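S.K.: Below are the chains, spelled out letter by letter.
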Amino acid sequence: MAAGTESRSSYFLFFPLVLFALIIDIISLPEVLIPFRPDFLSLFVLFFAIFDPRRVNIGCAWISGLLLDFLLGSPLSQNALCLALQIFIILSQFQRFAQFAKWQQIIIIFVVNLLGHVLGYWISHLAGMVSYGGSIVLPSLITALLWPPVCLVCLFLCRSLNIAPNVPREN
Amino acid sequence: MPRQEYNSLLINLRFVLCFLLSVALLFVDLRLKALSEVRYYIESALYPVMLFADSPRSISNAVSTQFKSRSELISENERLASAIFEQRADLLRLHSLEQENAAMRKLLNSPLHETPRRMFAEVVAVDSDPSVQRVVVNRGTSSKVYDSMPVITDEGLVGQVIEVNYSFSRVLLLTDPASSVPVVNVRNQIRALAEGNSLHDELDIANVARSADIKEGDLLVTSGLGGVYPEGYPVAVVTSVGLSDNQSFAEVKAKPLVDFARLRYVLMYWYDTKPRSDNEDVPPKEPTDGKLILRQQHIKDLIESMSTPAVSEGMAAVAGQAAAAEDAAPGGE
Numbered sequence: 001m002a003a004g005t006e007s008r009s010s011y012f013l014f015f016p017l018v019l020f021a022l023i024i025d026i027i028s029l030p031e032v033l034i035p036f037r038p039d040f041l042s043l044f045v046l047f048f049a050i051f052d053p054r055r056v057n058i059g060c061a062w063i064s065g066l067l068l069d070f071l072l073g074s075p076l077s078q079n080a081l082c083l084a085l086q087i088f089i090i091l092s093q094f095q096r097f098a099q100f101a102k103w104q105q106i107i108i109i110f111v112v113n114l115l116g117h118v119l120g121y122w123i124s125h126l127a128g129m130v131s132y133g134g135s136i137v138l139p140s141l142i143t144a145l146l147w148p149p150v151c152l153v154c155l156f157l158c159r160s161l162n163i164a165p166n167v168p169r170e171n
Numbered sequence: 001m002p003r004q005e006y007n008s009l010l011i012n013l014r015f016v017l018c019f020l021l022s023v024a025l026l027f028v029d030l031r032l033k034a035l036s037e038v039r040y041y042i043e044s045a046l047y048p049v050m051l052f053a054d055s056p057r058s059i060s061n062a063v064s065t066q067f068k069s070r071s072e073l074i075s076e077n078e079r080l081a082s083a084i085f086e087q088r089a090d091l092l093r094l095h096s097l098e099q100e101n102a103a104m105r106k107l108l109n110s111p112l113h114e115t116p117r118r119m120f121a122e123v124v125a126v127d128s129d130p131s132v133q134r135v136v137v138n139r140g141t142s143s144k145v146y147d148s149m150p151v152i153t154d155e156g157l158v159g160q161v162i163e164v165n166y167s168f169s170r171v172l173l174l175t176d177p178a179s180s181v182p183v184v185n186v187r188n189q190i191r192a193l194a195e196g197n198s199l200h201d202e203l204d205i206a207n208v209a210r211s212a213d214i215k216e217g218d219l220l221v222t223s224g225l226g227g228v229y230p231e232g233y234p235v236a237v238v239t240s241v242g243l244s245d246n247q248s249f250a251e252v253k254a255k256p257l258v259d260f261a262r263l264r265y266v267l268m269y270w271y272d273t274k275p276r277s278d279n280e281d282v283p284p285k286e287p288t289d290g291k292l293i294l295r296q297q298h299i300k301d302l303i304e305s306m307s308t309p310a311v312s313e314g315m316a317a318v319a320g321q322a323a324a325a326e327d328a329a330p331g332g333e
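As given, the protein sequences belong to chains D and L, one line each in that order. The opening position of the first sequence corresponds to residue 1 in the numbering used here, with each subsequent residue numbered one higher. The opening position of the second sequence corresponds to residue 1 in the numbering used here, with each subsequent residue numbered one higher.
Derived by calculation from the structure, the hints in this document are not laboratory data. Predicted, not measured: the structure shown is a model, and the values here were computed from it. Hints are supplied without guarantee of correctness; some may be wrong.
As the list claims (entries may be wrong) - Result set (SDA-like, lysine to any residue): computed pairs, CA atoms no more than 25 Å apart in a straight line: (1) Lys253/L - Val32/D; (2) Lys102/D - Ser8/L; (3) Lys68/L - Leu29/D; (4) Lys33/L - Ala127/D; (5) Lys215/L - Tyr271/L; (6) Lys102/D - Ile90/D; (7) Lys33/L - Val32/D; (8) Lys144/L - Glu122/L; (9) Lys33/L - Pro75/D; (10) Lys253/L - Gly128/D; (11) Lys33/L - Pro177/L; (12) Lys291/L - Asn101/L; (13) Lys33/L - Leu119/D; (14) Lys33/L - Leu72/D; (15) Lys33/L - Leu67/D; (16) Lys253/L - Ile34/D; (17) Lys255/L - Arg187/L; (18) Lys255/L - Ser244/L; (19) Lys215/L - His200/L; (20) Lys215/L - Glu195/L; (21) Lys255/L - Ile190/L; (22) Lys255/L - Ser135/D; (23) Lys255/L - Leu126/D; (24) Lys255/L - Lys144/L; (25) Lys255/L - Val32/D; (26) Lys33/L - Gly73/D; (27) Lys144/L - Leu29/D; (28) Lys253/L - Leu263/L; (29) Lys33/L - Ser124/D; (30) Lys255/L - Leu119/D; (31) Lys255/L - Leu33/D; (32) Lys144/L - Tyr271/L; (33) Lys33/L - Ser92/D; (34) Lys144/L - Leu72/D; (35) Lys33/L - Gly128/D; (36) Lys33/L - Ser135/D; (37) Lys33/L - His125/D; (38) Lys144/L - Phe70/D.
Please construct the entire structure, taking both the sequences and the accompanying hints into account.
M.R.: Written as structure tokens, this is what we have:
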């Protein structure tokens, strides 16, 4: 650990937050709110992929998505692939994502999340689970708008729990 | 910078690996159906998470029942008592009707309808994807739930089990786009298919000819065709019949009798499609209606009438021979 012996690994916060996001994803909401369910899982995974890219990478995102697949009973690796794709696009195309302004980040997350949802719909169509109607734009919009508060909360938690990213020693 | 390039190469490599793994998993899961065993164990292990996710609802239910006022409880108790009283009275009639029906069916030599086993189950989770209409109930293979098992409530049909795990199972609701139920109109026995369209309070009745006699307010019950759902359970009430000249079929919508938005308790229904062969009371299908009995009787009579003179002649011949032999014997002595 480069950041000193007292700082903890970010897995210490990552796994509880992923569990929390999975529970939020399957929790039963009133009928009115179901179309607006935000995608907390991708927000948490994205935060850690930026905060500590050496520990939390596309593989972690994929496994988290796979857990969601098991919980939702969807075709295996549908959500896993969507999540991995979202993280991949942001990590490879926006390498200075953390330095962007918040509104730019919101726009990027909105577009990328929408792309992920489109891929998910495509896979569920391939699987024969036909679905008509229902907006896929709204959940992505809400997810993107939730990025600043999620980011703030995660940063606060990392500070208070003394969690530091794994920084390479030589640079 | 070589470090940068190395990093982006690593990211690309990881994504390609995940992508290939995903495609392979999708293929194995959807085409080969080879992962059902793995799914079974992992999903059974994830059941506590599901229960935990349901806890807000169950806790709020428990709290709201805790805080009911005394007068509310008393009035509810009275209402329930009177409902039970009425239903007991109905049940008396039902028993006699059941016996009568059994006797009639025996006369017709149809297999008897047996009251099947049912089991109470609680909905513990609703699949959150808005495009699918499925719920999770808290009974699984440990309670002998099987795949494609019908699920009902006191109001009507709910759907069928599509996935069974050790302690829970997934139920495909009628309103899911992947579900279609063979139904029959109670008023005139017209058959149709009720298909879901992912709205929780609407069903499409598919492929109804424009000339078919189907009206608003008609009750649709399961027809028992297809062998998944038992016969005669109410499914939906027709809400609208749209006839337009440019379509070859009538556009019929129906409202399911079960309110899926507030589904809480269901009954798992053990439906045996094959009539039981070890039932001694009912002989196997054997044509015995009135005409056939008469015909068999007629044939029997015919045989008898043809055979009786021959037999008597034969007897007479035998007797004659014996007499002749007796006559000859003393003569021979």
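S.K.: Tell me the hint numbers this structure goes against, listed in increasing order.
M.R.: 5, 7, 23, 24, 27, 30, 33 and 36
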